[in-house]
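There are 2 protein chains.
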Amino acid sequence: MTEDIDIYGQQVPILIRNARVNGKIQEIYLDGTGKIGAVAEKITDHEAELVLDANRATALPAMCNMHTHAAMELLRGYADDMQLFPWLSTKIWPTEAHLTESDIYAGVKLACLEMIRTGTTAFNDMYFMMEAAADAVEESGIRACLSYCMIDNGDAEKLESEKRAMQATVKNLKARNNERILPGVSPHAVYTVSEEGLRWCAEYAKAENVPLHIHVSETEQEVTDCIAAHGMRPPAWLDKCGVLSPSCIAAHSCWLDADDIRLYAERGVTAVHNPVSNMKLAGNRALPYSEMKAAGVNVALGTDGASSNNDLDMFAEMKTAAILQKFFWNDPTALPATDALQIASRNGFKALGINAGVIAPGYLADIILVGRNPMNVPCFNAESNAVYATNGLAVETTICNGAILMYDGVIPGAEEIMEEAEKAAFALTARAEAANSA
Amino acid sequence: MTEDIDIYGQQVPILIRNARVNGKIQEIYLDGTGKIGAVAEKITDHEAELVLDANRATALPAMCNMHTHAAMELLRGYADDMQLFPWLSTKIWPTEAHLTESDIYAGVKLACLEMIRTGTTAFNDMYFMMEAAADAVEESGIRACLSYCMIDNGDAEKLESEKRAMQATVKNLKARNNERILPGVSPHAVYTVSEEGLRWCAEYAKAENVPLHIHVSETEQEVTDCIAAHGMRPPAWLDKCGVLSPSCIAAHSCWLDADDIRLYAERGVTAVHNPVSNMKLAGNRALPYSEMKAAGVNVALGTDGASSNNDLDMFAEMKTAAILQKFFWNDPTALPATDALQIASRNGFKALGINAGVIAPGYLADIILVGRNPMNVPCFNAESNAVYATNGLAVETTICNGAILMYDGVIPGAEEIMEEAEKAAFALTARAEAANSA
Numbered sequence: 002m003t004e005d006i007d008i009y010g011q012q013v014p015i016l017i018r019n020a021r022v023n024g025k026i027q028e029i030y031l032d033g034t035g036k037i038g039a040v041a042e043k044i045t046d047h048e049a050e051l052v053l054d055a056n057r058a059t060a061l062p063a064m065c066n067m068h069t070h071a072a073m074e075l076l077r078g079y080a081d082d083m084q085l086f087p088w089l090s091t092k093i094w095p096t097e098a099h100l101t102e103s104d105i106y107a108g109v110k111l112a113c114l115e116m117i118r119t120g121t122t123a124f125n126d127m128y129f130m131m132e133a134a135a136d137a138v139e140e141s142g143i144r145a146c147l148s149y150c151m152i153d154n155g156d157a158e159k160l161e162s163e164k165r166a167m168q169a170t171v172k173n174l175k176a177r178n179n180e181r182i183l184p185g186v187s188p189h190a191v192y193t194v195s196e197e198g199l200r201w202c203a204e205y206a207k208a209e210n211v212p213l214h215i216h217v218s219e220t221e222q223e224v225t226d227c228i229a230a231h232g233m234r235p236p237a238w239l240d241k242c243g244v245l246s247p248s249c250i251a252a253h254s255c256w257l258d259a260d261d262i263r264l265y266a267e268r269g270v271t272a273v274h275n276p277v278s279n280m281k282l283a284g285n286r287a288l289p290y291s292e293m294k295a296a297g298v299n300v301a302l303g304t305d306g307a308s309s310n311n312d313l314d315m316f317a318e319m320k321t322a323a324i325l326q327k328f329f330w331n332d333p334t335a336l337p338a339t340d341a342l343q344i345a346s347r348n349g350f351k352a353l354g355i356n357a358g359v360i361a362p363g364y365l366a367d368i369i370l371v372g373r374n375p376m377n378v379p380c381f382n383a384e385s386n387a388v389y390a391t392n393g394l395a396v397e398t399t400i401c402n403g404a405i406l407m408y409d410g411v412i413p414g415a416e417e418i419m420e421e422a423e424k425a426a427f428a429l430t431a432r433a434e435a436a437n438s439a
Numbered sequence: 002m003t004e005d006i007d008i009y010g011q012q013v014p015i016l017i018r019n020a021r022v023n024g025k026i027q028e029i030y031l032d033g034t035g036k037i038g039a040v041a042e043k044i045t046d047h048e049a050e051l052v053l054d055a056n057r058a059t060a061l062p063a064m065c066n067m068h069t070h071a072a073m074e075l076l077r078g079y080a081d082d083m084q085l086f087p088w089l090s091t092k093i094w095p096t097e098a099h100l101t102e103s104d105i106y107a108g109v110k111l112a113c114l115e116m117i118r119t120g121t122t123a124f125n126d127m128y129f130m131m132e133a134a135a136d137a138v139e140e141s142g143i144r145a146c147l148s149y150c151m152i153d154n155g156d157a158e159k160l161e162s163e164k165r166a167m168q169a170t171v172k173n174l175k176a177r178n179n180e181r182i183l184p185g186v187s188p189h190a191v192y193t194v195s196e197e198g199l200r201w202c203a204e205y206a207k208a209e210n211v212p213l214h215i216h217v218s219e220t221e222q223e224v225t226d227c228i229a230a231h232g233m234r235p236p237a238w239l240d241k242c243g244v245l246s247p248s249c250i251a252a253h254s255c256w257l258d259a260d261d262i263r264l265y266a267e268r269g270v271t272a273v274h275n276p277v278s279n280m281k282l283a284g285n286r287a288l289p290y291s292e293m294k295a296a297g298v299n300v301a302l303g304t305d306g307a308s309s310n311n312d313l314d315m316f317a318e319m320k321t322a323a324i325l326q327k328f329f330w331n332d333p334t335a336l337p338a339t340d341a342l343q344i345a346s347r348n349g350f351k352a353l354g355i356n357a358g359v360i361a362p363g364y365l366a367d368i369i370l371v372g373r374n375p376m377n378v379p380c381f382n383a384e385s386n387a388v389y390a391t392n393g394l395a396v397e398t399t400i401c402n403g404a405i406l407m408y409d410g411v412i413p414g415a416e417e418i419m420e421e422a423e424k425a426a427f428a429l430t431a432r433a434e435a436a437n438s439a
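Protein chains in written order, with the numbering used here: chain A, 2 to 439; chain B, 2 to 439.
To be clear, the hints were calculated from the coordinates, so they are not data collected in a lab.
Treat each hint with caution, since some may be false.
No distinction is drawn between identical chains; accordingly, a pair holds when it is met within one copy or between any pair of copies.
Unchecked claim - Keeping only pairs whose Cα atoms sit at most 30 Å apart, straight-line, the calculated DSS-like set for lysine-lysine is:
| # | residue 1 | residue 2 |
| --- | --- | --- |
| 1 | Lys-424 | Lys-43 |
| 2 | Lys-92 | Lys-294 |
| 3 | Lys-172 | Lys-351 |
| 4 | Lys-351 | Lys-207 |
| 5 | Lys-25 | Lys-424 |
| 6 | Lys-207 | Lys-172 |
| 7 | Lys-92 | Lys-25 |
| 8 | Lys-164 | Lys-351 |
| 9 | Lys-207 | Lys-175 |
| 10 | Lys-164 | Lys-175 |
Based on the provided sequences and hints, a complete structural model is requested.
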């Protein structure tokens, strides 16, 4: 693929020739309305405005990153290799306190750029100033479920202001009437949100018919503290507060026991595996994937924020998920490549109610092309190569909702987005450091 | 960097401008004899034939991959997600039995291509038909220590033929008189090589003054079996056979206890961490890095072969090493980014007696340039970004021994190497499958 194109970001009928789909060289027709119109060895009946030769690249459903804090891109590499509490209290929180809306916008623009570059077309985000984040996502051309993150720490007054912030966010995002922007509701975790807060969030998410996104059982401490405070483990406590339901998305979910897994399955909860973050922050336990799969729990995959990863590359995340499951659970057959691709795409889209994650007629045209490079030759098994033998920078073309966002590695405006984000990041940390040393 | 160059593979004086070296924008002068001549903010006294603008890319010492089976590139993705023994006995061994010299050549050519693409200029390999491998390495322009892998399984006759094969390999490689090709000696492991074999290898390596490369304590079973057979753990048994010395390179070294670590330190052994392979094959324990560092053991890094990884990307390996150490040893400060870079480069070169791994005058000019991309912005800390926030495909330029092997992502002849390797791989597995079903 070397020709230039001039239809970036536009939904037009496109025919992709010579792509490897499910082990065969096939053609894919995007119908110009955001959907896949046909997948076949030869498509003759079409009205394509653009015909692309994929040059035997592997076509995969785009990735869906199910747990992120996108704006934290600005703090990538600002502090690493520290104990959790000093890291949060001396580096992350004092800096976050100085974030402005324009910082959030610049950070989310960079996050969207990185996701397009590495083959992700949807993400499930929890942070704040989500109107600025939504502006960035709208412009980028990808999809996001954006949730204001509520933390009340048991303070009734704080809870009221948090409710208002959350309601304002949901209202703003719904008013945009953009199919690519979904509002969500995010109580942070059992140890930062009161019973009243959790109950209100559960009811509010139900009333607004939006996903509820929460951190659950990330650390052993969280489980121990929850038992001490409420006499039960986090999933049971959340269930008592009405939080667990088919629209609940539970990030991390490392420290689950058999009863927790049963409860997730009964309530239809989606769990999000965050292997890199759990390893980097020394979480000391991996999500019990095989047991959860056997119980019928929908498991998806996420990178967490750039501060605890430090990238948003879902290809690297798939590989880490696949090898961490084998290592921690001592089973080289755990989380095979086909499952890794499914948790990274289909299962996430399903949880968000987005009809993507499969390359077949009728599904949304969220598709990526992974080119051949010295890391993924020979191709005995394209799925194995995608999971184990390459990374997000091997993605050549990213299509979201039928529109091409990256072609042959080129994303219009990328340089400017990187410059602006770097400027914002340096100014932010300079402001925070000046204030904190004053 | 967009201009074309016409000096691929040639040692000529080169001035690299505008590179980020140790946190500052500097210039690097390669003196045309394979060495770094100067590193400074401004270099005026030079006779460069080529002046490159690095465009603020990060310059790093090239990677040194200290445990590989390069020709196994041909079996990448052929079989994954299986239990170890069925994987070896039904997939890997029956296919390896059909390998020819031209397969080895094609596989090592692809391995060298992948390494150049991802910033590695030296590797420490253990396999067979090493003359064909050496042909591939010589052509590729990188460095390798190549060792014939001895397996006698206690059979005295086999031991004699293995000795002859090993001697022939060392003789052939020495006769090439190529500074980039080093011969080594590789007894496979304590469970596949007899006491006589181990003793002979130790003496032979000493007599020839070459490294000895061996798998040590990769699995718990290996340790248990060694104690049952010899009444001691693998390091003590190897020491009794004369194997442990400053020229011994011990791959894996997962299941070491405090006595094993003390012995490694006393004997000056280099240990090689192989985190991805250990995770993928469910090795269930991570090399005890912090204890080994505290004891003064030289620890290096390797990818293992493509069948158990499935790539040779040392950037991904650095990240996995850093996060696996944190996770397994439950310490978020373990193996920080600076250490990850050191084990991936300097410590490996040191073990092979190659004066590289540092960007400073007098060192060999084995240097890579990592360009800015959406994954490694902002740049608060180039080392953190290199380890945690990007991967080998972000490498733009690879220089070995003062010669440019990749420039702006372009490696002359790459397409043909990939085509030939894929052809060889498909023909090999077809031959093996036909023979094994006959």
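Now the hints, each set against the structure:
no.: 1; hint: Lys-424 to Lys-43; result: between (49 Å within a copy, 26 Å between copies)
no.: 2; hint: Lys-92 to Lys-294; result: between (37 Å within a copy, 27 Å between copies)
no.: 3; hint: Lys-172 to Lys-351; result: within (23 Å within a copy, 61 Å between copies)
no.: 4; hint: Lys-351 to Lys-207; result: within (18 Å within a copy, 62 Å between copies)
no.: 5; hint: Lys-25 to Lys-424; result: between (45 Å within a copy, 18 Å between copies)
no.: 6; hint: Lys-207 to Lys-172; result: within (15 Å within a copy, 75 Å between copies)
no.: 7; hint: Lys-92 to Lys-25; result: between (50 Å within a copy, 23 Å between copies)
no.: 8; hint: Lys-164 to Lys-351; result: within (27 Å within a copy, 59 Å between copies)
no.: 9; hint: Lys-207 to Lys-175; result: within (15 Å within a copy, 74 Å between copies)
no.: 10; hint: Lys-164 to Lys-175; result: within (16 Å within a copy, 75 Å between copies)
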